[in-house]
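A.B. asks: Since the structure of chain A is already known, use the hints to place chain B on it.
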Amino acid sequence: DTAVSQTPKYLVTQMGNDKSIKCEQNLGHDTMYWYKQDSKKFLKIMFSYNNKELIINETVPNRFSPKSPDKAHLNLHINSLELGDSAVYFCASSQADRVETQYFGPGTRLLVL
Amino acid sequence: DQQVKQNSPSLSVQEGRISILNCDYTNSMFDYFLWYKKYPAEGPTFLISISSIKDKNEDGRFTVFLNKSAKHLSLHIVPSQPGDSAVYFCAASAGANSKLTFGKGITLSVRP
Numbered sequence: 001d002t003a004v005s006q007t008p009k010y011l012v013t014q015m016g017n018d019k020s021i022k023c024e025q026n027l028g029h030d031t032m033y034w035y036k037q038d039s040k041k042f043l044k045i046m047f048s049y050n051n052k053e054l055i056i057n058e059t060v061p062n063r064f065s066p067k068s069p070d071k072a073h074l075n076l077h078i079n080s081l082e083l084g085d086s087a088v089y090f091c092a093s094s095q096a097d098r099v100e101t102q103y104f105g106p107g108t109r110l111l112v113l
Numbered sequence: 001d002q003q004v005k006q007n008s009p010s011l012s013v014q015e016g017r018i019s020i021l022n023c024d025y026t027n028s029m030f031d032y033f034l035w036y037k038k039y040p041a042e043g044p045t046f047l048i049s050i051s052s053i054k055d056k057n058e059d060g061r062f063t064v065f066l067n068k069s070a071k072h073l074s075l076h077i078v079p080s081q082p083g084d085s086a087v088y089f090c091a092a093s094a095g096a097n098s099k100l101t102f103g104k105g106i107t108l109s110v111r112p
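Chain order of the listed sequences is A and B.
Residues in the first sequence are numbered from 1 upward in steps of one, following the numbering used here.
Residues in the second sequence are numbered from 1 upward in steps of one, following the numbering used here.
With the rest of the complex left out, here is chain A:
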């Protein structure tokens, strides 16, 4: 009964492919996030959704498209993968009024060859 789960945990793919990462939370939270941890280890927010609505969209290429079918799910679709997309992607969730306390998934390790 993992609180925030992500699939897959590992993803190895070729440049130019399209891939999706799924995230689900069973905490009843109304806000979900996607973060990217690159090779320099910084954890940077990419997107934030509140009740299925986009509220934060950092400077992320249009190839990245989040989709929230309901408030328990926030999926990340990446088109035309590039080498620089290789990173660990973390999903997280929180209550809207407790943004500071976020619960993270285990991460998806994406390697683009």
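Errors might be hidden in some of the hints.
Claimed, not checked - Distance ranges between label pairs, derived from CB positions:
| hint | chain 1 | residue 1 | chain 2 | residue 2 | range |
| --- | --- | --- | --- | --- | --- |
| 1 | A | Gly16 | B | Ile18 | 44 to 52 angstroms |
| 2 | A | Asp38 | B | Asn27 | 33 to 41 angstroms |
| 3 | B | Thr45 | A | Asp30 | 17 to 25 angstroms |
| 4 | B | Glu42 | A | Lys52 | 38 to 46 angstroms |
| 5 | B | Ser10 | A | Thr101 | 21 to 29 angstroms |
| 6 | B | Asp31 | A | Asn57 | 18 to 26 angstroms |
| 7 | B | Arg111 | A | Asn57 | 39 to 47 angstroms |
| 8 | B | Asn27 | A | Glu53 | 23 to 31 angstroms |
Unchecked claim - Below 25 angstroms or equal to it, Euclidean Cα-Cα: the simulated SDA-like pairs (lysine to any residue) are:
| hint | chain 1 | residue 1 | chain 2 | residue 2 |
| --- | --- | --- | --- | --- |
| 9 | B | Lys37 | A | Asp38 |
| 10 | A | Lys41 | B | Asn27 |
| 11 | A | Lys71 | A | Ile56 |
| 12 | B | Lys99 | A | Leu54 |
As the list claims (entries may be wrong) - With the C-beta cut set under 7 angstroms, the calculated list includes, among others, these residues of chain A facing chain B:
| hint | residue |
| --- | --- |
| 13 | Phe42 |
| 14 | Leu43 |
| 15 | Met46 |
| 16 | Lys52 |
| 17 | Val88 |
| 18 | Phe90 |
| 19 | Glu100 |
| 20 | Thr101 |
| 21 | Phe104 |
| 22 | Gly105 |
| 23 | Pro106 |
| 24 | Gly107 |
No lab work stands behind these hints: they were computed from the structure.
Beta carbons: idealized from backbone N, C-alpha and C, even for Gly.
C.D. replies: Frame of chain A; chain B shown alone:
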């Protein structure tokens, strides 16, 4: 543009001793600061936080100190235990319910 800086990549301490993890920030609008802990192959987990109206917050073995004038905070762990070995991320936010800005983390190793 690193608004939250953790300049030491790693720290090694003996079990039972104090661990002091440092964090500096540049954005004067930050008013809430947090520490997250991360084990390998897991996501970060919330550890402790402090509001800018305080200069100290304590939770068991963990204490966070905030020096606003120096734009510096530190996490003290005492006594350190081998299970504390992990990566510790410092994070900050500006205003209620605003996004978190993370540092790049520091790897703490506690030697038995």
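A.B. asks: For each hint, tell me whether it holds in the structure or not.
C.D. replies: Hints, one by one, checked against the model:
no. : hint                                     : verdict
1   : Gly16(A) - Ile18(B): 44 to 52 angstroms  : holds, 51 angstroms
2   : Asp38(A) - Asn27(B): 33 to 41 angstroms  : violated, 21 angstroms
3   : Thr45(B) - Asp30(A): 17 to 25 angstroms  : holds, 20 angstroms
4   : Glu42(B) - Lys52(A): 38 to 46 angstroms  : violated, 27 angstroms
5   : Ser10(B) - Thr101(A): 21 to 29 angstroms : holds, 26 angstroms
6   : Asp31(B) - Asn57(A): 18 to 26 angstroms  : holds, 23 angstroms
7   : Arg111(B) - Asn57(A): 39 to 47 angstroms : holds, 44 angstroms
8   : Asn27(B) - Glu53(A): 23 to 31 angstroms  : holds, 26 angstroms
9   : Lys37(B) - Asp38(A)                      : holds, 18 angstroms
10  : Lys41(A) - Asn27(B)                      : holds, 20 angstroms
11  : Lys71(A) - Ile56(A)                      : holds, 15 angstroms
12  : Lys99(B) - Leu54(A)                      : holds, 13 angstroms
13  : Phe42                                    : holds, 5 angstroms
14  : Leu43                                    : holds, 4 angstroms
15  : Met46                                    : violated, 10 angstroms
16  : Lys52                                    : violated, 17 angstroms
17  : Val88                                    : violated, 9 angstroms
18  : Phe90                                    : holds, 5 angstroms
19  : Glu100                                   : holds, 6 angstroms
20  : Thr101                                   : holds, 5 angstroms
21  : Phe104                                   : holds, 3 angstroms
22  : Gly105                                   : holds, 5 angstroms
23  : Pro106                                   : holds, 5 angstroms
24  : Gly107                                   : holds, 6 angstroms
In summary, the numbered hints that this structure violates are 2, 4, 15, 16 and 17.
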